[in-house]
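Since the structure of chain A is already known, use the hints to place chain B on it.
Number of protein chains: 2
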Amino acid sequence: MAKENQFVNQIADIETDFPRWYTDVVIKTKLVDYGPVKGTMVIRPYGYAIWENIQRELDARIKATGHQNAYFPLLIPYSYMTREAEHVEGFAPEVAVVTVGGGETLAEPLVIRPTSETIFGEMYSKWLQSYRDLPILINQWANVMRWEKTTRPFLRTSEFLWQEGHTAHATEEEAMEETMKMLGVYKEFAETCLAIPVFTGKKTEKEKFAGALATFGMEAMMHDGKSLQAGTSHYMGQNFAKAFDIQFLDKDGTHKYAYTTSWGVSTRLIGALIMAHGDQRGLVLPPVVAPVQAIIVPIAAKKEGVLEAAAELKAKLTAAGVRADCDTSDNSPGWKFNEWEMKGVPVRIELGPRDIEAGKMVLVRRDTHEKTEAPLAAAAEAVQTLLADVQKNLLERARKRKEERVVTAESVEELLKGVEAGNFVKAGWCGCRECEDKIKEQTAASARVIVEEEHADKCCCCGKEAKHVVLFARAY
Amino acid sequence: MAKENQFVNQIADIETDFPRWYTDVVIKTKLVDYGPVKGTMVIRPYGYAIWENIQRELDARIKATGHQNAYFPLLIPYSYMTREAEHVEGFAPEVAVVTVGGGETLAEPLVIRPTSETIFGEMYSKWLQSYRDLPILINQWANVMRWEKTTRPFLRTSEFLWQEGHTAHATEEEAMEETMKMLGVYKEFAETCLAIPVFTGKKTEKEKFAGALATFGMEAMMHDGKSLQAGTSHYMGQNFAKAFDIQFLDKDGTHKYAYTTSWGVSTRLIGALIMAHGDQRGLVLPPVVAPVQAIIVPIAAKKEGVLEAAAELKAKLTAAGVRADCDTSDNSPGWKFNEWEMKGVPVRIELGPRDIEAGKMVLVRRDTHEKTEAPLAAAAEAVQTLLADVQKNLLERARKRKEERVVTAESVEELLKGVEAGNFVKAGWCGCRECEDKIKEQTAASARVIVEEEHADKCCCCGKEAKHVVLFARAY
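Listed in order, the protein sequences are those of chains A and B.
Take 1 as the starting number for the first sequence in my numbering and just add one per residue.
Take 1 as the starting number for the second sequence in my numbering and just add one per residue.
The shape of chain A in the complex, shown without the other chains:
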């Protein structure tokens, strides 16, 4: 077996066994490992570095839109969960419960936050006095826990990391504006940083957040044509304000309930990255969030001056703001090429004695495998230009797929055919839960978002008048 193929053979075929490909890639590239407790994951340094880059980029956007970070407690009194009827119904079955603390059985059991609307609600009720205190715009980066039956690293784990924004406003309009603003922030972030174009829209009643009046989601198309819910923004109306008594004294001298929102994205985004861009050789990481953007592989490293030149190049790139590294291990260049390809590094730089003599370097981009040369004297510019181009190309590639793989259906049979061929399917829907359930049952596809700007005559399921066009897909 040719050395170059050893790595590829370690990874299951991406076209015929995508779930196995995913598991192979996340474990072999050391993004993640399984934790000792079922359903938990250890995010290893290579995976966590992606999360740090996601955090840095998204945190800057959250702050630029006027939000501040804070930290609320992990443990929530069980009774809080029950104050909002839909909320407890949705989350109570999947909470982890602390019943013993400091060697004693607790008077009231405590849940590990599955989400924090209730504890934010309790504190906002305490802090909010007058309309002058509004809006309250707080975000937190935290771990949360939901006891899941079927788990997969990043996609669905009992514990995961996320950010959750919780805001309170004086009016319905302002709260709805906030809900849509943050959905927009997520969309721009996904496209700019993750190179993932998304469908955004309102969720159906069945798919909305437990306790929200309306949930808006962003959905990303994966390599296999399935959808991944990559972020959500919820408009709560006064549901939580009434449950937690979040009132304020308005300008007109009367007390009113606030309108609240919440919105979040999680370490799921790492799963989205992997499944949106990966190929048979492994990960393909967008430069904006790649832990290593350029990997230098010295050729004939034992020859005089090669390692020195590689180190100098690394220093030059690092100084220019490129996340560069140099592989000085004992492995062969061929082995290194494959390993760094598997790890998805956007640009590989090959540097050997002849290159150094000629004052140049060889650049290989991960997305197209295209090989070019560039002068060492202009190394930083050349690499930065190439990184920008890789980022752009990944987005374009993903956008092309997103546009090409959407079909329409007039019947449930057509819908089934569409999703089986790896598409998202637009179809008319009457708006009733029965049809939504029936479609799910017969096609394994669910309503991802309502498509506001389009119109259909009939429901693809019951044939009655269509209320909405809905984007259906099988989903993670």
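These aren't lab readings, by the way, just hints derived from the structure by calculation.
This one's a predicted model, so the numbers in the text were calculated from it and none came from an experiment.
Check the hints yourself; a few may be wrong.
Since the list gives no way to pick out one identical chain from another, each pair is judged satisfied if it fits inside one copy or across any two copies.
Unchecked claim - Calculated cross-link-like contacts (lysine to aspartate or glutamate; reagent style EDC-like; alpha-carbon spacing at most 20 Å):
| hint | residue 1 | residue 2 |
| --- | --- | --- |
| 1 | Lys63 | Glu52 |
| 2 | Lys371 | Asp279 |
| 3 | Lys38 | Glu108 |
| 4 | Lys251 | Asp330 |
| 5 | Lys63 | Asp327 |
What follows is chain B alone, placed relative to chain A:
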């Protein structure tokens, strides 16, 4: 009552009721609030921004010394705790235990991490194969939980935020070098960023981490002469390697146990900042970690051009990298002065019509209340110079206290007198636990660190030959 004194009167007297002063300050400046579950805290935006600044500064240092971040699971199987005998004895009594997940009683109870040596150990055992994999240098930023009976915001809470580094090495020497290196990183960080000079040294057996061979700590002197343990670095020897089977194949072809370390600092550091620098008017924050470094207070804000000039000044300072803000609220200038003083902002800038006309601004530094003027044309330089000077002065002031308030004692009576007068006390100690316990009982002071470079003839307690000089203090 003069308006200026209203705020001061809201805060208990710092000299006569320091504990109450502390509570008043942390609550009134909105650093923190009490969570609904006893012993928990909500870190509010103003407090969390300090933590973000601490994280940014310390994280850069942790990475510069070769460590990578990762994230390990919150929940640890109860049985892991019991594998290291001292460890379980130390931590089992204060853990929170999850017994129910997803509606079912768990087969094995899970503890919320009080610290993560055990779960890191388990994973390191799995990952470590050969000497080539060493050292493993991983850090995580996470929440941890210890069920405490008596709690105070930042100083001792059941849940807190921290970083915990866990490393594995091939030899005793390397592991010990790592232990001391990270203690050094903490000390430099505390002095440079928090303006808190610290005593560092080895802990006695009684005070060391449960499961460590040796613990090294840094101790900071607070306003009241009590000590606060601000960070620790532990040398584990092969204790955890044996308990979790962390072995590697060495160059000589034999399997060996690794040597491990761990080290951490927490949100306690925010408590240290408050108690080291605060004064009767409230917080005094070192510029490096202050959320707002310069607050602009417009004078006669309704006069034409004042708010515009203030906004322009804010933009100029922000562009120069100063964390500047402008108070445009309806409150009076006097009210604003007091509020921002209480919040500890290092530099206040007063800007009124006459200042603008004269092309200048008034600067008031928080540490000395000294008032100066500077030209608006050179605003950024003037503010940056002043901030650097405030940072320097806070460190010098704290250093002076740290040097002046250390006395020596030859007897337990002298030791008691020393700590009652608000000092740290150096005294000879025979090395036995009985004397250490007796000193604690009679003086309420504990052994903070062993002073390596000094010598005493006799133990202050039993009069037998002294083994060490120990720095004693009452501690938080």
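Hints versus structure:
{"no.": "1", "hint": "Lys63 - Glu52", "in the structure": "both (16 Å within a copy, 13 Å between copies)"}
{"no.": "2", "hint": "Lys371 - Asp279", "in the structure": "within (18 Å within a copy, 64 Å between copies)"}
{"no.": "3", "hint": "Lys38 - Glu108", "in the structure": "between (26 Å within a copy, 11 Å between copies)"}
{"no.": "4", "hint": "Lys251 - Asp330", "in the structure": "between (72 Å within a copy, 15 Å between copies)"}
{"no.": "5", "hint": "Lys63 - Asp327", "in the structure": "between (37 Å within a copy, 18 Å between copies)"}
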